[in-house]
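With the sequences and hints as input, model every part of the structure.
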Amino acid sequence: MKLSMVADHARWPRENDIIFNLSERAQKAEQNIGKENVINATIGALMDDKGKLITMNSVFEQLKSLPNNEISAYASIAGQDDYKEAVKKVCFQGNDPDGYVRVVASPGGSGAIKLAMWNYTNPKDVILTSDWYWSPYGIIGEEAGRGVANYKLFNDEGKFNIESFKSKFKEIIDKQGNI
6 MKLSMVADHA
16 RWPRENDIIF
26 NLSERAQKAE
36 QNIGKENVIN
46 ATIGALMDDK
56 GKLITMNSVF
66 EQLKSLPNNE
76 ISAYASIAGQ
86 DDYKEAVKKV
96 CFQGNDPDGY
106 VRVVASPGGS
116 GAIKLAMWNY
126 TNPKDVILTS
136 DWYWSPYGII
146 GEEAGRGVAN
156 YKLFNDEGKF
166 NIESFKSKFK
176 EIIDKQGNI
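Here the working numbering runs 5 ahead of the position in the sequence shown, where the first position is 1.
Among the clues, some could well be false.
As the list claims (entries may be wrong) - Taking lysine to any residue and the SDA-like style, the derived pairs with C-alpha atoms no more than 25 Å apart in a straight line are: (1) Lys33 with Asp54; (2) Lys33 with Tyr138; (3) Lys89 with Ser111; (4) Lys89 with Pro72; (5) Lys119 with Gly99; (6) Lys119 with Lys57; (7) Lys93 with Ile118; (8) Lys129 with Lys94; (9) Lys171 with Tyr125; (10) Lys157 with Phe174; (11) Lys164 with Ile144; (12) Lys119 with Asp136; (13) Lys119 with Arg151; (14) Lys55 with Glu75; (15) Lys157 with Val43; (16) Lys164 with Gly49; (17) Lys157 with Lys69; (18) Lys55 with Ile44; (19) Lys40 with Lys57; (20) Lys55 with Gln32; (21) Lys175 with Met122; (22) Lys119 with Ser135; (23) Lys55 with Arg30; (24) Lys119 with Asn26; (25) Lys69 with Lys40; (26) Lys157 with Ile144; (27) Lys40 with Met61; (28) Lys69 with Ala91; (29) Lys93 with Val109; (30) Lys157 with Ile167; (31) Lys40 with Asp53; (32) Lys180 with Leu120; (33) Lys89 with Tyr125; (34) Lys171 with Gln181; (35) Lys40 with Gly56; (36) Lys33 with Trp137; (37) Lys157 with Ile132.
Don't read these hints as lab results, they were simulated from the structure.
Below, the structure written as structure tokens:
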């Protein structure tokens, strides 16, 4: 038995992650048949044709021009006001809706997923995602008291499985009234 101080409910990973599995398979295929013959879309980042991470020089130039104390300072938990205003401008491009709009900052993509689950679903609700998903969605949902249901992403012809999506969508909306 492996000794761990982490509570049973918080141990990770609890199950095999399909995305990590696909990533391993893509990497093996790259070794076997060459990188030029494999498109590895599991990386979660934009890479160039040589497999190097693509970065935005303008972002790093701006970052490097800032004083170290500004780079190292914690941002406000609610997000900086000027940043939130800039997000609104970029998002709506001058076509602001008539209703109430509020930008919510999050600490990265995982934080955004957690905030979306917490703020737009109710306890015991089920969140719908495809069967090709990042397993932490389930953990995030579980921690928030939500469940995750899957539809089959691809049909037998390798196309988007609209029938599976519609069926699972209807099943959830009939039960909880929203999705």
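Do the hints match the structure? See the list:
1. Lys33 with Asp54: holds (18 Å)
2. Lys33 with Tyr138: holds (20 Å)
3. Lys89 with Ser111: Judged against 25 Å, a Cα distance of about 11 Å means the pair holds.
4. Lys89 with Pro72: Holds. Lys89 to Pro72 sits at ~22 Å (cutoff 25 Å).
5. Lys119 with Gly99: Answer violated: Lys119 to Gly99 is near 29 Å, above 25 Å.
6. Lys119 with Lys57: violated (30 Å)
7. Lys93 with Ile118: Status holds; Cα separation ~19 Å.
8. Lys129 with Lys94: Violated. Lys129 to Lys94 sits at ~35 Å, over the 25 Å cutoff.
9. Lys171 with Tyr125: holds (21 Å)
10. Lys157 with Phe174: holds (12 Å)
11. Lys164 with Ile144: violated (28 Å)
12. Lys119 with Asp136: With a Cα-Cα distance of about 19 Å, the restraint between Lys119 and Asp136 holds, given a limit of 25 Å.
13. Lys119 with Arg151: holds (11 Å)
14. Lys55 with Glu75: violated (34 Å)
15. Lys157 with Val43: holds (24 Å)
16. Lys164 with Gly49: Distance ~21 Å between Lys164 and Gly49 Cα, so the pair holds.
17. Lys157 with Lys69: violated (45 Å)
18. Lys55 with Ile44: Roughly 11 Å between the alpha carbons, so the hint for Lys55 and Ile44 holds.
19. Lys40 with Lys57: holds (12 Å)
20. Lys55 with Gln32: Roughly 14 Å separates the two Cα atoms, so the pair holds.
21. Lys175 with Met122: At roughly 19 Å apart (the allowed maximum being 25 Å), Met122 and Lys175 satisfy the hint.
22. Lys119 with Ser135: holds (17 Å)
23. Lys55 with Arg30: holds (19 Å)
24. Lys119 with Asn26: Holds - the C-alpha atoms of Asn26 and Lys119 are around 23 Å apart, at most 25 Å.
25. Lys69 with Lys40: violated (33 Å)
26. Lys157 with Ile144: Judged against 25 Å, a Cα distance of about 20 Å means the pair holds.
27. Lys40 with Met61: Holds, because 24 Å separates the two Cα atoms, which is no more than 25 Å.
28. Lys69 with Ala91: holds (21 Å)
29. Lys93 with Val109: Roughly 10 Å separates the two Cα atoms, so the pair holds.
30. Lys157 with Ile167: Holds: Lys157 and Ile167 sit about 9 Å apart, inside 25 Å.
31. Lys40 with Asp53: The given pair, whose Cα atoms are some 12 Å apart, holds under the 25 Å limit.
32. Lys180 with Leu120: Since the Cα atoms of Lys180 and Leu120 sit roughly 23 Å apart, the hinted pair holds (cutoff 25 Å).
33. Lys89 with Tyr125: OK: Lys89 and Tyr125 at ~20 Å, within 25 Å.
34. Lys171 with Gln181: holds (15 Å)
35. Lys40 with Gly56: Holds - the C-alpha atoms of Gly56 and Lys40 are around 8 Å apart, at most 25 Å.
36. Lys33 with Trp137: holds (19 Å)
37. Lys157 with Ile132: Judged against 25 Å, a Cα distance of about 14 Å means the pair holds.
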